[in-house]
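Since the structure of chain C is provided, determine the placement of chain A on it from the hints.
As you go down the protein sequences, you meet chains C and A in turn. For the first sequence, the residue numbers in the working numbering are 11 to 121. For the second sequence, the residue numbers in the working numbering are 2 to 485.
Hints are not guaranteed to be accurate.
Said to hold, decoys possible - Taking lysine-lysine and the DSS-like style, the derived pairs with C-alpha atoms no more than 30 Å apart in a straight line are:
no., chain 1, residue 1, chain 2, residue 2
1, A, 278, A, 482
2, C, 68, A, 413
3, A, 110, A, 19
4, A, 413, A, 482
5, C, 66, A, 413
6, A, 61, A, 278
7, A, 110, A, 61
8, A, 409, A, 265
9, A, 413, C, 50
10, C, 28, A, 413
11, C, 68, A, 265
12, A, 278, A, 265
13, A, 409, C, 50
14, A, 482, C, 66
15, C, 118, A, 344
16, A, 482, A, 409
17, A, 344, C, 28
18, A, 344, C, 50
19, A, 409, C, 66
Keep in mind that the hints were calculated from the coordinates and are not lab data.
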Amino acid sequence: MLHTRGNYQDFFGVGAMKITVADVEYVARLARLELTAGEKEQFAGQMDAILGYVEKLKEVNTDGVVPTSHAVPMENAFRADEVRPSIGLHNALANAPDRSGSFFAVPKVIE
Amino acid sequence: MNVFDMTIHELHSALKQKQLSSVEATSAMLERIESVEPQVGSFITVTPEQALAAAAAADKTIAAGECQLLTGIPVAIKDIFLTEGIRTTCGSRILENFIPPYSATSWEKLRDSGAVLLGKLNQDEFAMGSSNESSAYGITRNPWDTSCIPGGSSGGSAAAVAARQALATLGTDTGGSIRQPASHCGCVGLKPTYGRVSRYGVIAYASSLDQVGPLTRDVADCAAMLGAIAGHDPKDSTSVETAVPDYRATLARGVKGLKIGLPKEYFIDGLDPDVQKAMEAAIDTYRRLGAEIIEVSLPHTDYAVATYYLIATAEASSNLARYDGVRFGHRAEAGGLLDMYTKSRSEGFGAEVKRRIMLGTYALSSGYYDAYYVKAQKVRTLIMNDFTSAFANVDVMLTPVAPTPAFKIGEKTSDPLQMYLSDIFTIPANLAGTCAMSLPAGFSATGLPIGLQLIGTPFGEETILQAGYAFEQATEWHTRKATI
Numbered sequence: 011m012l013h014t015r016g017n018y019q020d021f022f023g024v025g026a027m028k029i030t031v032a033d034v035e036y037v038a039r040l041a042r043l044e045l046t047a048g049e050k051e052q053f054a055g056q057m058d059a060i061l062g063y064v065e066k067l068k069e070v071n072t073d074g075v076v077p078t079s080h081a082v083p084m085e086n087a088f089r090a091d092e093v094r095p096s097i098g099l100h101n102a103l104a105n106a107p108d109r110s111g112s113f114f115a116v117p118k119v120i121e
Numbered sequence: 002m003n004v005f006d007m008t009i010h011e012l013h014s015a016l017k018q019k020q021l022s023s024v025e026a027t028s029a030m031l032e033r034i035e036s037v038e039p040q041v042g043s044f045i046t047v048t049p050e051q052a053l054a055a056a057a058a059a060d061k062t063i064a065a066g067e068c069q070l071l072t073g074i075p076v077a078i079k080d081i082f083l084t085e086g087i088r089t090t091c092g093s094r095i096l097e098n099f100i101p102p103y104s105a106t107s108w109e110k111l112r113d114s115g116a117v118l119l120g121k122l123n124q125d126e127f128a129m130g131s132s133n134e135s136s137a138y139g140i141t142r143n144p145w146d147t148s149c150i151p152g153g154s155s156g157g158s159a160a161a162v163a164a165r166q167a168l169a170t171l172g173t174d175t176g177g178s179i180r181q182p183a184s185h186c187g188c189v190g191l192k193p194t195y196g197r198v199s200r201y202g203v204i205a206y207a208s209s210l211d212q213v214g215p216l217t218r219d220v221a222d223c224a225a226m227l228g229a230i231a232g233h234d235p236k237d238s239t240s241v242e243t244a245v246p247d248y249r250a251t252l253a254r255g256v257k258g259l260k261i262g263l264p265k266e267y268f269i270d271g272l273d274p275d276v277q278k279a280m281e282a283a284i285d286t287y288r289r290l291g292a293e294i295i296e297v298s299l300p301h302t303d304y305a306v307a308t309y310y311l312i313a314t315a316e317a318s319s320n321l322a323r324y325d326g327v328r329f330g331h332r333a334e335a336g337g338l339l340d341m342y343t344k345s346r347s348e349g350f351g352a353e354v355k356r357r358i359m360l361g362t363y364a365l366s367s368g369y370y371d372a373y374y375v376k377a378q379k380v381r382t383l384i385m386n387d388f389t390s391a392f393a394n395v396d397v398m399l400t401p402v403a404p405t406p407a408f409k410i411g412e413k414t415s416d417p418l419q420m421y422l423s424d425i426f427t428i429p430a431n432l433a434g435t436c437a438m439s440l441p442a443g444f445s446a447t448g449l450p451i452g453l454q455l456i457g458t459p460f461g462e463e464t465i466l467q468a469g470y471a472f473e474q475a476t477e478w479h480t481r482k483a484t485i
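Next up, chain C with everything else stripped away, as it sits in the complex (with noise of 0.2 Å):
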């Protein structure tokens, strides 16, 4: 089952450090990972302890501050809309675990 949206929140309540093991199920689920009951428990602790680490960010003032998401200024960078070689079907499917054909195979989705 997962958590709604609100669940989530409560769970959380942003501030409020503590990670518990329903956290790490809930945000294993969003990453499609797996964990066994021994792991959980570490990430808790670990997460906690890192969570709580860098809520020392709060302490610095970033009122009127920009984002920055690239260390290098940059414009969009255009190149020519022009056709060229690519690896071609057989590289493209060379490290399939599965293919049909010319396709990748994976479990059936709709029955």
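Same frame as chain C, now just chain A:
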């Protein structure tokens, strides 16, 4: 002199004067790898057949009188660089059988300069780590003391240079992953300015921070390697169209009148006394060489680690979403599609990678995005501004690379936060996007190497290389060799 003890420029002279062939040099390196590898563990994959074939081709080039500096020089690269036809694992189980259909631009440029590939080097899984203990292919040991870590994540790249298994190597640096292992292994390591070297074909960890750079035995070799890999690449839209200087030509300019800043926040209590001593000696050396030493301030230094571990993990959680078992990489047996994604990832990723994906997913999740991720991006701006202000008064900054020499294997594996804090002096240059290098500056009482960091202005690689070269000419730390 043994081939494996040579620098690039020494072997180049020998090849040019036909004292030996590249095939002979490459064979000697392959023997060296075989003999010390059981003690060090620098490599994930050794490629002897390809190496000897490339060396034979280099010998033909040399016979035709076209011996460039890197022609026939045996090198190795981190297993994060895609190499067409050669397995590339990134230190992860999830890519155990991955054979890339194309090569990284940085490796192609090195290869086109004539370099011979000996193999692919060990690393922390997906470049996440500071000790090379998170590799799925076994740990790498420090050649100076095999009970210690070599640093990470380019631990194999540094250990291979220190153990003389390659004349030079390539690594990547997201938060110190070239400089910290270079420091711990007593070699030269340079993280170029973001955008200086193409990231095309480099397996992504944190795309706004990752950068490719060389690890070498001395500064002259570092300049040669950087010159070979730098430059704009149409395949990486974040690489910058700035001309690549001839780094080697200007190495000997000296440091007379050079303004060297000492950021006071980096010289803190709790710095290892041996590291402190090495820094003081280095500062004296620069003073003696005619540099002007000036105290500067980078006031947001204390927030760099927290900022980094939010931004890097957020970017990682997004970048690593591609490993889902569909197109390449490990696929788990599972009934449904969602189950397949989850099981493939859970079986394929190791603990540190999972931990960072979890942290990043948390930082990006609804309700926390602004409080964590955007907040970190804002503090990043303030950290960048610190650098801009400091560089208004100085040409380069001098700092330690790491607060301590190499720590023991297993010492920090159970406490990730302590591991993360060991990156405190290297992370800020990644956040600011600027260039920085590590060079040998002394040894601890127990004989472990200590590195000195020179931080330059964006695209100021020439200046830090000059300053590094001047230091190297005045000291002999870089000539010491691990007894392995």
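Holds or violated: are the alpha carbons of residue 344(A) and residue 50(C) at most 30 Å from each other?
-> holds (16 Å)
Would you check the hint for residue 68(C) and residue 265(A), treating anything up to 30 Å between C-alpha atoms as holding?
-> holds (23 Å)
Proposed proximity, residue 413(A) with residue 68(C) (alpha carbon, max 30 Å) | Roughly 27 Å between the alpha carbons, so the hint for residue 68(C) and residue 413(A) holds.
Please work out if residue 278(A) and residue 265(A) have their alpha carbons no farther apart than 30 Å.
-> holds (16 Å)
Under the criterion that the straight-line Cα-Cα distance not exceed 30 Å, is the pair residue 61(A), residue 278(A) satisfied?
-> violated (50 Å)
Holds or violated: residue 413(A) to residue 482(A), with C-alpha atoms at most 30 Å apart = holds (27 Å)
Are the Cα atoms of residue 344(A) and residue 28(C) separated by 30 Å or less?
-> holds (28 Å)
Hint consistency between residue 482(A) and residue 66(C) [alpha-carbon to alpha-carbon, up to 30 Å] | violated (42 Å)
Could you grab the alpha-carbon distance between residue 409(A) and residue 66(C) and see if it respects the 30 Å cut-off?
-> holds (29 Å)
Quick one, are residue 278(A) and residue 482(A) close enough, alpha carbons at most 30 Å?
-> Measuring from Cα to Cα gives roughly 21 Å; hence the hint holds.
If you draw a straight line from the CA of residue 482(A) to the CA of residue 409(A), is it 30 Å or shorter?
-> Distance ~20 Å between residue 482(A) and residue 409(A) Cα, so the pair holds.
Taken at face value, is the distance from the CA of residue 344(A) to the CA of residue 118(C) at most 30 Å?
-> holds (16 Å)
Of the hints listed earlier, those the structure fails to meet are numbers 6 and 14, in rising order.
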